[in-house]
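Protein chains: 4
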Amino acid sequence: MGTLIRGGTIVTASDIQRADVLIEGEQVVAIAADIPVQGHQVVEAKGRYVFPGGVDPHTHLDMPFGGTVTADDFRTGTMAAAFGGTTTVIDFVLHAKGDTLKNSLHVWHAKAEGKAAIDYAFHVMIGDLRDEVMAEIPRLVEEEGVTSFKLFMAYKNNLQVDDETLFRALRMAGQAGALVQVHAENGDVIDVLVKEALANGQTEPKYHALTRPPEAEGEATVRAIHLAEMAKAPLYVVHVTCAQAADAISDARKRGLAVYGETCPQYLVCDNSDYERPDFAGAKYVMSPPLREKSNQEVLWNKLKNAELQGFGSDQCSFNLKGQKELGRDDFSRIPNGAPTIEDRMGILYHYGVQEGRIGLNRFVALTATNNAKLFGLFPRKGTIAIGSDADIVIWDPTVERTLSAATHHMNVDNNIFEGMTVRGKAEKVFVRGKMVIDGEKFVGTAGYGHFVPCAKFSQVDL
Amino acid sequence: MGTLIRGGTIVTASDIQRADVLIEGEQVVAIAADIPVQGHQVVEAKGRYVFPGGVDPHTHLDMPFGGTVTADDFRTGTMAAAFGGTTTVIDFVLHAKGDTLKNSLHVWHAKAEGKAAIDYAFHVMIGDLRDEVMAEIPRLVEEEGVTSFKLFMAYKNNLQVDDETLFRALRMAGQAGALVQVHAENGDVIDVLVKEALANGQTEPKYHALTRPPEAEGEATVRAIHLAEMAKAPLYVVHVTCAQAADAISDARKRGLAVYGETCPQYLVCDNSDYERPDFAGAKYVMSPPLREKSNQEVLWNKLKNAELQGFGSDQCSFNLKGQKELGRDDFSRIPNGAPTIEDRMGILYHYGVQEGRIGLNRFVALTATNNAKLFGLFPRKGTIAIGSDADIVIWDPTVERTLSAATHHMNVDNNIFEGMTVRGKAEKVFVRGKMVIDGEKFVGTAGYGHFVPCAKFSQVDL
Amino acid sequence: MGTLIRGGTIVTASDIQRADVLIEGEQVVAIAADIPVQGHQVVEAKGRYVFPGGVDPHTHLDMPFGGTVTADDFRTGTMAAAFGGTTTVIDFVLHAKGDTLKNSLHVWHAKAEGKAAIDYAFHVMIGDLRDEVMAEIPRLVEEEGVTSFKLFMAYKNNLQVDDETLFRALRMAGQAGALVQVHAENGDVIDVLVKEALANGQTEPKYHALTRPPEAEGEATVRAIHLAEMAKAPLYVVHVTCAQAADAISDARKRGLAVYGETCPQYLVCDNSDYERPDFAGAKYVMSPPLREKSNQEVLWNKLKNAELQGFGSDQCSFNLKGQKELGRDDFSRIPNGAPTIEDRMGILYHYGVQEGRIGLNRFVALTATNNAKLFGLFPRKGTIAIGSDADIVIWDPTVERTLSAATHHMNVDNNIFEGMTVRGKAEKVFVRGKMVIDGEKFVGTAGYGHFVPCAKFSQVDL
Amino acid sequence: MGTLIRGGTIVTASDIQRADVLIEGEQVVAIAADIPVQGHQVVEAKGRYVFPGGVDPHTHLDMPFGGTVTADDFRTGTMAAAFGGTTTVIDFVLHAKGDTLKNSLHVWHAKAEGKAAIDYAFHVMIGDLRDEVMAEIPRLVEEEGVTSFKLFMAYKNNLQVDDETLFRALRMAGQAGALVQVHAENGDVIDVLVKEALANGQTEPKYHALTRPPEAEGEATVRAIHLAEMAKAPLYVVHVTCAQAADAISDARKRGLAVYGETCPQYLVCDNSDYERPDFAGAKYVMSPPLREKSNQEVLWNKLKNAELQGFGSDQCSFNLKGQKELGRDDFSRIPNGAPTIEDRMGILYHYGVQEGRIGLNRFVALTATNNAKLFGLFPRKGTIAIGSDADIVIWDPTVERTLSAATHHMNVDNNIFEGMTVRGKAEKVFVRGKMVIDGEKFVGTAGYGHFVPCAKFSQVDL
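Chains as they are written, first to last, in the numbering used here: chain L, 4 to 466; chain A, 4 to 466; chain U, 4 to 466; chain S, 4 to 466.
You may find that some hints are simply not true.
Copies of the same chain look alike in the list, so a pair counts if it fits in one copy or across any two.
Unchecked claim - Pairs of lysine-lysine residues, derived as DSBU-like cross-links and limited to a Cα-Cα distance of at most 35 Å, are as follows:
| id | residue 1 | residue 2 |
| --- | --- | --- |
| 1 | Lys49 | Lys114 |
| 2 | Lys100 | Lys49 |
| 3 | Lys209 | Lys235 |
| 4 | Lys209 | Lys49 |
| 5 | Lys100 | Lys297 |
| 6 | Lys198 | Lys445 |
| 7 | Lys297 | Lys460 |
| 8 | Lys445 | Lys100 |
| 9 | Lys235 | Lys105 |
| 10 | Lys438 | Lys198 |
| 11 | Lys297 | Lys438 |
| 12 | Lys297 | Lys114 |
| 13 | Lys460 | Lys49 |
Bear in mind the hints are in silico, worked out from the structure with no lab data behind them.
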């Protein structure tokens, strides 16, 4: 009556074992050398890796941005995620100015319910941290299963917070058992540079990158670390793109601070030359922080190899070129920021990382699943294959070769920033809480099957 | 027919799960929610942790040193190790000048065979790296299951090698799939300071520390890292004691180098004030590198917490105060270097680390077992609890409180540097390849049961 | 007809020579081995040093602060400065919100004219950098001889500027040939900590230091450096107090940036234990940034020795204990910030620096005079003894021993933070533009003799 | 009866003044606004800079090397130096194995006497630091005016010393008032790489650079600094070529250590692409350390600008291509190391530094003269223009443009590594102790006019 995954190689963040896995109900109940069939439904996994389902700690689904809304909602976004091997997303609730956190959270619950094909949890992006909102932080932690809060050091006059707010939030979060995430770019500097560029008639996509220099990311990262240190609070820096920021995180960890950094697939394989593509095609790559000089890629790979960065998210935030990215045809600052990456997050890391020898299999699992689950209080329910854990499992065929493309991807968007890259390795079957949702090229799950999963409090993480 | 460990909490380097473990023969064959008894021998583990047996990557058993021999040989040393939860030691073969590596290795095989109560592997400490010895390195890797080689940057006119030798060994090892370990202290500086101290009549144990300043360790660590970088080879720095050396390793890892550092329990809980103990009692603490200023302890704990150090060895090297340490009563430089630590390595880390909140359980397992097994090619046979792995298992009672003492320890030596420390947590039962060797206060194994375990080649390690 | 200083040892920032100096009119016209008397007025300097008159780059005279006004104005302040060997001050014009820079400058001219006993120049502290004020910067540089502008990263809701303002000011200044000075403390963090302390009833002077941690200074220093780097502008960090900030400046200079740091005598010889003095006496030491842990003193001395800090100012800002400091008897945040240091700046550096062997004579002159004159465009008119330079000269008796005290000092204030320190070395005679203003214990100058000296543009400085 | 230099702009390490200079006998006796002619011999300097004569702290004249002898001896070398504006050289005495230091010094005195056109002092390169040689160090300091001793960390089996020797020398020198200089490259690594390259048939000049990687220089520099720190002694690192080494020096100075670094003109304007020149022309550039990747040039300029490097020497060591460099036509390791740079040291720094805006005039003088004189105990006799100092003076025409070439230079060698570079600025007249030795294109001095100048002990240097 269970499901028996037979003959595969199970990989966790620390182990690699040739063993069978037995799922009963929604959980893994046995891992053993040779589990008798005994009426179980058998799934053959010989020659395949059996990975924990991916936990994507950074997605923006159904999110309003600059007068439009991301192309993928929870239905299309989570389905595409599942095709890529991801079985849980932690999506960012957007807290609008004037609103309560709780209400914003409920808006997001409504977006996800009935649509998500895989499980989901929430971070909250705080847009307006007035005193009563500050007071909600411990309540969300205790009552709502939301234990991570993102603040923006960029997007002046919009989401950007000042240091007082960030410092107070860090202290509050530290006491409440929550983890503060920062988007670390110096928004003041960027705002000056953007206005100046536009005033000079520099409107093409490449000016997006030129007005957001890596030093602005390095500065903000160092500042956030200093504030966290003074607040005696842990810190998670989202989407680290460059040596300046990544080295700042290494320096903090060297000093024993509880500082964690995340990077994303796009920063590993794309670079700022992509902004030069003709016919406004550079707009596809407009995201914040921007793509950097190619030399940063090796820096980031080294950081992943040596565990100097811990999180790995897609920063999925898809917009169609047609009708959406086009809003900024005459003004790069109006191009909606973001790219569709939720589907290929694991595929990119597998190919350019594991397949090409830059990282090992355990690190692959740590980055795609385990670390993210641990950092955000979803572990051990999510992020591993272990007795009692949710049976979120990917059967990964390491031999398949395929070419990534908007023509074939499952995201609801007309472009793919990895277009044309040929990669080896693919999620062949994907299970969410024991139920198969992907079977080869077919989605066999159901929109609405996905549950909300509450996050536990942050506590010391052994990464 | 198997052994069923029931109801415990299994901890690996990445997971914590409430599950049963089934051992058949020498291996783990199943981990499951509820394994039927079915005639298996049941071992109750409720309320206990089920850890992988410890892998101690740094022991000196039956080793000649300065005209005497360590107090513990493979019989007493491995039995004591087992009492502490360690099920594999990687002992250092001493390669004597003029000898071949192979012959030295055979001498060590002879010391261990028939005596070891637990499994063992070997590193070789190269004493004399002439060309024909260099040529033996790949042969030991390919044929003898020895894949790690230690070189000394200290002990002038004895084991110390010059940079040419170290550099050539790094390149040879890098190509052969071996890992070079260094004892990183600048022996030239130390030699000058020691001679000068003795010439000044400064003969007490405390001068051992004063003539081996932390800067001498910092310098040698930086140098070894530079040489490894130029040789494009990985590097493992044994017994890191101070901020200078540990920070150098962090800096190397920050730059993406395959550099690993090890520390030992004594550097976490003892300090250089111990050398001031009256009546020559400071001699117990004479080891190299020496104990440091207390402020280094927090640095080292932070490095363990943030995975900036990866290995954790005992550096077991026991000498009796009476008759051995006493050789240096009038000259600290003649005090045999080393201390008995093989038995309490895990207990110290558990109490001061896990119990007192400095590190988590996964990190505890990583440090005591998994990392060491991975770094030296014993994984996944050793260092974890997984299907197909050797059933080297410790049932750890986290509630027992006890006081460490030479009066009660099982090492064959008249002193204990942790004397009088009261710690919580203790290995209750210990299995080596499925066979129980420790049952409470009783050794129930057999001298000679322990096997030699060949080490696989070094390859990229996800630590 | 001239003044002939005979037989002294002339010290400049690079030279030490036994020579006579001839002054004609307001300038030095000859330096020679043996200048004939020929009717000149002879001043004997045998056994004395002949130093360039000090240039104090950081004074606050006649400045409103927190509802009161500094105890010393241009009359008493510059007279006291002269007693200490200082012949030029660069005072900070306070630009009030709503005012123009030009008008604020004229207010300051009015305060100084007719009162100053020595020469003076001005920096402007910008209080409100709206667009029309930004546009005044190049005008002040070109027309008013003001080429340095100070911005505050602390004093939230008062002088504090945001990063946009600082960044824009840096770019504007860089283009205009001006130098931006920053008070580098993170005012947001401090504001939170101060409010919290007061809310907790922590009102004593020591909480002034506890609510302004060194990390807040380190953070702001790093941030200002990053902003200057992105703005491609030079930067001068005023009153550096701690390792965190000083090391940040060293790191910037190591990378080739035009970043300069200043420290002050109080940070070299006082420390945060002074805040513990009974009966509100700790209030004397309330200044921002606060006095630090004593260990920072050695760091700062090392930085001065190795030219890792370049400027040396008094940060004179005197308030009486009675009637002024007392305003904060029940609330440390209302204690007027600052201390009387203009008179003893050179005496402290001479005794604790030169006399006690921490720095050499050339460095002493560089720090007290030459560097400050070069950084702020007063060189070579001020800051050296050279042909054509203003004859601002101190005849310094290195043998006199004296005890610093409010009872004997010449500042118009009832306290002295160096009270009771016995120092060797004293300005015996002081000349400003050839006119003697100090003769032993007597002030022989005139209030109003001092001129305004326009500052030249900043250009690359060889420090 | 004196010499009156009239109307020039006198530049010292800290000052720039329009003034006349009067020389009487061998010294400067007056600097004044307008010195009456009164029978003095007048030298017009209007529109010219009047610099202190250069002090070249690093020359190898008449030195045996690899079976040949440098092409320039004290006669040709010092004459060429004078043409370039240098009036004092500090040449390296080569201490041969088995010899005493004193005897080696006398050999060098014999080489210089009767030949030198300008003044000279000596460092000693210690070739063999046995105990009786160690004991000579304080004797040379006290009795022979030799206060700097160079040790080699490279040239294995030849000049290279081990760390014990270097450490002991540092301590001895520190106590004796001497300054240790190091050639900082890891000779052990280089020796392995050279042998390997030759074994692989890699014999062309470019392999000289490839077998001496910058990491080998970085490592040795860090090591020397650590040893000096433990020895509590000052350290001077000769010929710094790359970021790795220069940054290590910055880090040491940041920590307050008395560590100084020197670079040379060739590392500022030549790079490792010069080794690729056809027809063995790359051999001209064979020197140790080798020329580096071009990116290091900007690093070194920044270090000079910010005073992070202090010394500036030519490392003159000339060999003819024909008959000398050719010795290594089939084996790069046999190419005599060194290049002819004594004549153009100041011209290169003036043009690429001052003229192109990378450094200022004061820094130019500090680097070419003052710092070197201070560091090695020749100041204030040498290295400045001051009353009582030797009248070593260069009248520099900043307007002349000329092209450097072996065809026109005055060194006795058939090649010039700056061949074809067109520079602005030239020594027009040069005085040594008051006597003119260069007058335009003519040498008007005398071989043998130059004196030996004893060096004073090292003491704290304000650089």
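How would you classify Lys445 and Lys100 at a CA-CA limit of 35 Å: within, between, both, or neither?
neither (41 Å within a copy, 67 Å between copies)
When no copy is named, should Lys297 and Lys460 be tagged within, between, both, or neither for a Cα gap of at most 35 Å?
So Lys297 and Lys460 pass the 35 Å test across copies only (33 Å; inside, 37 Å).
Under a CA distance limit of 35 Å, which applies to Lys209 and Lys49: within one copy, between copies, both, or neither?
This pair counts as neither: shortest intra-copy Cα distance 47 Å, inter-copy 53 Å.
Status of Lys297 relative to Lys100 across identical chains (alpha carbons, at most 35 Å)
neither (37 Å within a copy, 46 Å between copies)
My question is about Lys297 and Lys438: at a cut-off of 35 Å on alpha-carbon distance, are they close within one copy, between copies, both, or neither?
For Lys297 and Lys438, neither the intra-copy (41 Å) nor the inter-copy (55 Å) Cα distance is at most 35 Å.
At most 35 Å between alpha carbons: which applies to Lys100 and Lys49, within, between, both or neither?
Neither way: Lys100 and Lys49 sit 53 Å apart in one copy and 51 Å across, limit 35 Å.
Quick one: Lys235 to Lys105, C-alpha cut-off 35 Å, is that within a copy, between copies, both, or neither?
within (26 Å within a copy, 45 Å between copies)
Classify it for me, Lys438 with Lys198: is the Cα-Cα distance of at most 35 Å met within a copy, between copies, both or neither?
neither (51 Å within a copy, 54 Å between copies)
Please sort Lys198 with Lys445 into within, between, both or neither, judging by C-alpha distance up to 35 Å.
neither (47 Å within a copy, 59 Å between copies)
As a check of your reading, is Lys460 near Lys49 (CA-CA no more than 35 Å) within one copy, between copies, both or neither?
Intra 38 Å, inter 26 Å, cutoff 35 Å: inter-copy only.
Could you figure out if Lys49 and Lys114 sit no more than 35 Å apart (CA to CA) within one copy, between two copies, both or neither?
neither (39 Å within a copy, 43 Å between copies)
Intra/inter-copy verdict for Lys209 and Lys235 if alpha-carbon distance must be at most 35 Å:
between (39 Å within a copy, 21 Å between copies)
In summary, the structure is inconsistent with hints 1, 2, 4, 5, 6, 8, 10, 11 and 12 from the numbered list given earlier, while agreeing with the others.
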